[in-house]
Amino acid sequence: MLISGDSDAIVATSLLEASNLVVLKGSSMIHSTANLGLHGQGSLNLSGPGDIIEAQHLVLSLFYAISVGPGSVLRGPLENASDNAMAPRLYCNQKYCPVELLHPPEDCNVNASLSFTLQICRVEDVIVKGSIEGSVVHFHLVRTVVVESSGAISASGLGCIGGLGHGARLPNGLSSGAGHGGRGGDAYYGGTYISGGIAYGDAELPCELGSGSGNESLSGATAGGGVIVMGSLEHSLLKLVAHGDIKADGESYGKYVGGRMVGLVQM
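Note that the sequence shown ends on residue 267 in this note's numbering; no numbers are left out.
Read the hints as simulated data drawn from the structure, not as lab findings. Warning: the hint list may mix true and false statements.
Unchecked claim - Below 25 Å or equal to it, Euclidean Cα-Cα: the simulated SDA-like pairs (lysine to any residue) are: (1) K239 - S47; (2) K95 - G231; (3) K239 - G42; (4) K247 - S232; (5) K25 - S14; (6) K247 - S150; (7) K247 - A112; (8) K247 - P49; (9) K247 - S67; (10) K247 - N93; (11) K247 - A203; (12) K25 - T144; (13) K247 - S61; (14) K247 - A152; (15) K25 - S4; (16) K95 - I198; (17) K25 - P70; (18) K25 - G244; (19) K247 - V73; (20) K95 - A168; (21) K247 - N80; (22) K25 - L2; (23) K239 - V146; (24) K247 - Y200; (25) K239 - V99; (26) K95 - Y200; (27) K25 - G50; (28) K247 - Y96; (29) K239 - E124; (30) K247 - E148; (31) K239 - L102.
All chains should be built: construct the whole structure from the sequences, respecting the hints.
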């Protein structure tokens, strides 16, 4: 199923309702170029390799259980999201934590003005044997999350190319590291010096996106890590079992390019 909504405001947000069981199998896909909400009352099952649900903003809600099978993917935003007019506007230069990261709305509506790019809301159990990928991933009013050994919840490389602690990169490839919890590494080569990115954020309650290389116009520009939030201050996640990966790493380009800063996983 393809929903093309990036050029038409009327279909910028689409909602799919399922009364009982939703099963994707045989490399099935639900793909929206804009915002997508998928709501149900029973189970959502992505069976195996090639099964994908993806959108620029994706909200899955009200299911009893969601199962992401081996090789299947839940993704928001899309890969190469910046090429799309409906791409999320990340809060890369915001000095304060978006309030919805700590106090999210109780409803599960699709709201592109919020910072979340992928939200799973009011679901009892989430079983991950494949991949859940997003810039700002949020599990809200979820009871149990199980990440099997083959599974991953990832915001890696989906943060900011710029950001508050962005590094600097020259056309000759010399680059300093991005900062976040600490200052980024300086770079020096052939008489040229570049200082690293500044430190930012609160170690007691981190909520910022990771910063990147800082020059999107140069080839090889890389991004920091995104954000994964499990629960909220009012509603904590009851159970997390992680045999696989939960990660928000920054991208890496090569030994002559400064490092990118990780994002965060908040529980």
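How the hints compare with the structure:
Note on K239 and S47: the hinted pairing holds, with a Cα-Cα distance of about 23 Å set against a maximum of 25 Å. At most 25 Å may separate the alpha-carbon atoms for a hinted pair to count; K95 and G231 meet this at roughly 22 Å. For a cut-off of 25 Å, the pair hint linking K239 to G42 stands: about 20 Å separates their Cα positions. Of the supplied pair hints, the one linking K247 and S232 holds, its CA atoms being roughly 19 Å apart against a limit of 25 Å.
For the hint pairing K25 with S14, the CA-to-CA distance comes to about 22 Å; that is within 25 Å, so the pair holds. As the CA atoms of K247 and S150 are separated by approximately 14 Å, the hinted pair is consistent with the 25 Å bound. Distance hint between K247 and A112 is fulfilled; the C-alpha atoms sit about 24 Å from each other, no more than 25 Å. Pair hint K247 plus P49 holds up; C-alpha atoms about 21 Å apart against a cutoff of 25 Å.
The suggested pairing of K247 with S67 holds, with an alpha-carbon distance near 19 Å, which does not exceed 25 Å. Restraint check: the Cα-Cα separation between K247 and N93 comes to about 22 Å, which is no more than 25 Å; the hinted pair holds. Restraint check for K247 and A203: satisfied, since their Cα atoms lie roughly 18 Å apart, inside the 25 Å limit. For the proposed pair K25 and T144, the alpha carbon gap of about 24 Å is at most 25 Å, so the pair holds.
With a CA separation close to 23 Å, the supplied pair K247 and S61 stays within the 25 Å bound. Proposed proximity of K247 and A152 is supported: the alpha carbons are some 8 Å apart, at most 25 Å. At roughly 22 Å between alpha-carbon atoms, K25 and S4 fall within 25 Å of each other, so this suggested pair holds. Only pairs whose Cα atoms come within 25 Å are accepted, and K95 paired with I198 is accepted, the gap being roughly 13 Å.
This hinted pair checks out: K25 and P70 have alpha carbons roughly 11 Å apart, not beyond 25 Å. With a C-alpha separation of about 23 Å, the suggested pairing of K25 with G244 holds against the 25 Å cut-off. Restraint check for K247 and V73: satisfied, since their Cα atoms lie roughly 15 Å apart, inside the 25 Å limit. Between K95 and A168 the CA atoms are separated by roughly 20 Å; this keeps the pair inside 25 Å, and the hint holds.
The straight-line distance between the Cα atoms of K247 and N80 is roughly 20 Å, inside the 25 Å bound, and the hint therefore holds. Among the hinted pairs, K25 with L2 is consistent with the structure: their alpha-carbon atoms are about 16 Å apart, no more than 25 Å. Between K239 and V146 the CA atoms are separated by roughly 8 Å; this keeps the pair inside 25 Å, and the hint holds. Using a Cα cut-off of 25 Å, the hinted pair K247 and Y200 holds, with the two alpha carbons roughly 20 Å apart.
Of the supplied pair hints, the one linking K239 and V99 holds, its CA atoms being roughly 24 Å apart against a limit of 25 Å. For a cut-off of 25 Å, the pair hint linking K95 to Y200 stands: about 8 Å separates their Cα positions. Between K25 and G50 the CA atoms are separated by roughly 8 Å; this keeps the pair inside 25 Å, and the hint holds. In summary, the hint linking K247 to Y96 is supported, as the alpha carbons are separated by about 22 Å, within the 25 Å threshold.
For the given pair, K239 sits about 11 Å from E124 by alpha-carbon distance, which is consistent with the 25 Å threshold. A distance of roughly 14 Å separates the Cα atoms of K247 and E148; the hinted pair therefore holds under the 25 Å criterion. A hinted pair counts as satisfied when its Cα atoms are at most 25 Å apart, and K239 with L102 qualifies at roughly 19 Å.
Of the numbered hints given earlier, the model fails none.
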